[in-house]
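As you go down the protein sequences, you meet chains X and U in turn.
Going by the working numbering, the first sequence opens with residue 1, and the numbers climb by one from there.
Going by the working numbering, the second sequence opens with residue 1, and the numbers climb by one from there.
Please keep in mind that the hints were generated in silico from the structure rather than gathered at the bench.
One or more of the hints may lead you astray.
In this list, chains with the same sequence are indistinguishable; a pair is considered to hold if it fits within one copy or across any two.
Said to hold, decoys possible - Listed below are the simulated DSSO-like cross-link pairs for lysine-lysine, each with C-alpha atoms no more than 27 Å apart in a straight line: (1) 227 x 184; (2) 234 x 83; (3) 370 x 162; (4) 299 x 349; (5) 314 x 149; (6) 299 x 186; (7) 349 x 314; (8) 162 x 184; (9) 279 x 299; (10) 149 x 279; (11) 349 x 162; (12) 83 x 349.
Protein chains: 2
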Amino acid sequence: MIENAVSQRFFQFEILYQSTRSRARVGRIHTPHGVIETPNFVAVGTNGSLKAIHNYDHSALNVQLMFCNTYHLMVQPGTTLIKEAGGLHRFINRQMPIITDSGGFQVFSLAYGQVAKELKGQGGKKHPSSVVKVSEEGVIFRSYRDGNKILLSPESSVLAQKDLGSDIIIPLDELLPFHVDEAKLKASFARTHRWECRSLHEHLKNRQNQAMFAVIHGGTDLGLRQKSCNILSKEAFDGYAIGGSLGCDHQQLISTIAGTTPHLPPENPVHLLGIGDVKSIDQCIPYGIDTFDSSYPTKAARHGMILTRNGPLKLIRQIHAREFMPLEDDCSCQTCSHYTRSFLHHLFKANEPSAASLATIHNVHFMMRKMESIRTQILCGLI
Amino acid sequence: MIENAVSQRFFQFEILYQSTRSRARVGRIHTPHGVIETPNFVAVGTNGSLKAIHNYDHSALNVQLMFCNTYHLMVQPGTTLIKEAGGLHRFINRQMPIITDSGGFQVFSLAYGQVAKELKGQGGKKHPSSVVKVSEEGVIFRSYRDGNKILLSPESSVLAQKDLGSDIIIPLDELLPFHVDEAKLKASFARTHRWECRSLHEHLKNRQNQAMFAVIHGGTDLGLRQKSCNILSKEAFDGYAIGGSLGCDHQQLISTIAGTTPHLPPENPVHLLGIGDVKSIDQCIPYGIDTFDSSYPTKAARHGMILTRNGPLKLIRQIHAREFMPLEDDCSCQTCSHYTRSFLHHLFKANEPSAASLATIHNVHFMMRKMESIRTQILCGLI
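Please construct the entire structure, taking both the sequences and the accompanying hints into account.
And the structure:
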């Protein structure tokens with residue numbers, strides 16, 4: 001009880017409105033670095049910086065939660081250095097909340113190639129040069145920078161995230177390729193839950209005002225998803241992140257989400273890992289997803305793909321060369337306030353680095369506006 | 001007389017203080033888009049954008065004059081499109097003054113490889129695939145984008161710069177390789193002055209509130225430099241730009257400048273083309289150079305070379321990994337106000353695109369501060 005009371009002070013999920021039509025809700029996650037209004041989009045800044053924009057732009061863009069990758073930060077510049085700098089917020093000079101992952105996702109991607117694709121069932125083969133040993137203790141991998149062997153265990157992942165001082169941390173889990181036999185799947189499922197509990201145990205030794213979200217596994221097997229929810233909701237996690245394979249198309253994604261969230265405690269926030277396209281967000285909101293992270297909007301921007309209410313716009317196309325209008329008419333982002341499609345088209349054609357940053361500012365702003373509109377729709381009883 | 005009175009309204013060089021120790025002076029160039037305090041540094045935004053930063057950053061950085069390259073803008077997006085957009089200022093959304101060159105420098109670089117190196121006598125051979133025909137009429141070159149043949153003549157260069165609507169325009173000149181025989185040099189010298197006079201003639205047909213700076217030629221031959229000054233100062237140019245080969249080292253640069261500026265009318269502004277390193281600026285100021293353009297500070301920034309009062313700092317070096325201090329202690333730029341050397345070192349190591357833009361902001365700010373300090377030193381009688 002005392003533990004919970006302490007927890008309440010630095011981390012609290014406040015539900016402001018619960019839809020009567022669906023599991024969608026509007027809420028506020030309170031963290032030591034401020035409030036995250038939910039549902040919200042979590043922008044990904046792998047190395048401690050949203051690609052192509054500055055951390056001091058985040059406040060203008062109102063990016064309330066930023067996702068950083070522990071694996072990348074472990075390898076460069078190292079979590080010890082970040083701790084020396086006074087923690088991740090201070091190192092990157094961000095005042096608002098940060099969530100970090102366990103590092104597992106990236107480590108396993110060394111083994112399976114592109115994990116994101118793998119999780120969608122489009123996966124390739126095991127990368128021949130990857131050196132990954134998975135045991136009960138943890139994962140051994142080689143640093144891509146210097147080839148040194150590094151052990152990532154539930155404990156070392158949590159300790160790394162303690163050095164970072166992120167507001168929300170994630171326990172170590174194991175990711176499997178999509179096409180794997182039943183026996184391996186079951187063994188991994190059991191181990192991943194043991195790892196998560198070890199992570200939580202390590203975390204609770206020294207909470208340090210951080211919250212920990214469990215990762216729900218089970219792939220597209222709804223029975224396993226339910227089992228994962230049952231196991232993890234018995235532990236003292238502050239929230240839940242839906243991870244692992246979510247199937248190979250929207251249909252499977254939605255049925256997996258639909259079969260998972262009803263088994264989670266309604267009073268905790270639910271995050272969906274690595275999904276952030278507009279279609280998926282729209283489809284997942286009614287099932288009670290509170291936050292979504294994805295590098296899609298920033299990556300798309302760097303390739304000249306502009307998010308608009310009428311769908312993505314490929315700015316490099318000649319059709320935009322003479323459009324002397326903003327990317328979106330009613331958009332108030334810095335890019336739309338200052339420049340035309342024509343100028344931005346030119347910057348992309350001329351390979352100017354400012355093209356990527358101006359497009360990124362728009363796309364991130366678009367996502368923030370999208371989520372604001374979703375919150376309004378829920379409050380108006382439309383979702 | 002009426003012509004001059006009109007000219008005074010849209011372009012005026014006001015000398016606020018003339019040093020008694022040297023030719024250095026503090027002044028103000030008045031243009032239709034505002035004032036340029038001199039001496040000043042002119043940042044280069046080849047394609048209409050300072051590389052890696054946004055045009056709306058310019059006002060914060062107080063970049064009073066921006067240099068854009070007509071050749072690049074002719075090829076992409078085309079000066080007709082820019083005219084349609086309402087001119088270059090409107091197209092790129094810059095409120096402050098812009099200077100454009102004639103396009104000649106870039107066209108000749110197709111013939112001689114890197115003109116900048118060539119002009120310093122470090123040049124390589126004629127580029128085998130370049131297609132350049134130089135005649136009395138002008139230069140024929142092939143667009144690097146579509147291979148189309150384009151004629152750049154004194155008239156077409158001026159008309160292109162009319163489309164752009166830049167505040168200061170430059171007449172077409174011919175650039176020769178450094179190592180060239182006497183006869184060729186003399187023929188080119190004569191032709192380049194005929195081209196400049198044709199450019200001026202075309203310009204005066206429709207001034208359009210633009211000023212034109214003549215380009216002083218003559219290489220390192222001080223007799224020719226003097227002759228160039230004599231020819232061009234008889235014409236109705238609004239200012240002078242020192243161009244052509246300036247020798248292969250600082251010594252030759254300085255003696256060329258020292259042997260040129262005394263032959264120019266003291267009441268007109270003098271620009272030095274393509275030179276903007278701190279050492280050259282310091283050495284040229286006493287000879288009465290008012291403005292300097294160079295892509296060095298922005299290019300250096302993208303390579304992690306940070307300008308400081310104690311000389312350039314190579315940020316990627318391991319020694320900076322744990323320096324939890326700004327790039328420069330007393331610098332008020334956005335980068336130094338927000339981030340440490342350690343974080344910026346990390347961004348460069350992690351290949352984050354924001355590294356280049358943050359370094360660029362600092363380097364441009366450094367140049368602006370450097371020029372401000374030079375103006376103060378002149379006013380205090382120190383130069």
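Taking the hints in turn, this is what the structure says about them:
1. 227 x 184: Within. Shortest intra-copy distance 17 Å satisfies the 27 Å Cα cut-off; inter-copy 86 Å does not.
2. 234 x 83: Intra 32 Å, inter 67 Å, cutoff 27 Å: neither.
3. 370 x 162: neither (32 Å within a copy, 43 Å between copies)
4. 299 x 349: both (17 Å within a copy, 20 Å between copies)
5. 314 x 149: Classified as neither; 42 Å inside a copy, 30 Å across copies.
6. 299 x 186: neither (35 Å within a copy, 55 Å between copies)
7. 349 x 314: So residue 349 and residue 314 pass the 27 Å test inside one copy only (12 Å; across, 31 Å).
8. 162 x 184: Classified as neither; 31 Å inside a copy, 71 Å across copies.
9. 279 x 299: Within. Shortest intra-copy distance 17 Å satisfies the 27 Å Cα cut-off; inter-copy 41 Å does not.
10. 149 x 279: Neither: 40 Å inside a chain and 47 Å across chains, both beyond 27 Å.
11. 349 x 162: For residue 349 and residue 162, the Cα distance is within 27 Å only across copies (23 Å; inside one copy 44 Å).
12. 83 x 349: For residue 83 and residue 349, only the inter-copy Cα distance (18 Å) is at most 27 Å; the intra-copy one is 41 Å.
Of the hints listed earlier, those the structure fails to meet are numbers 2, 3, 5, 6, 8, 10, in rising order.
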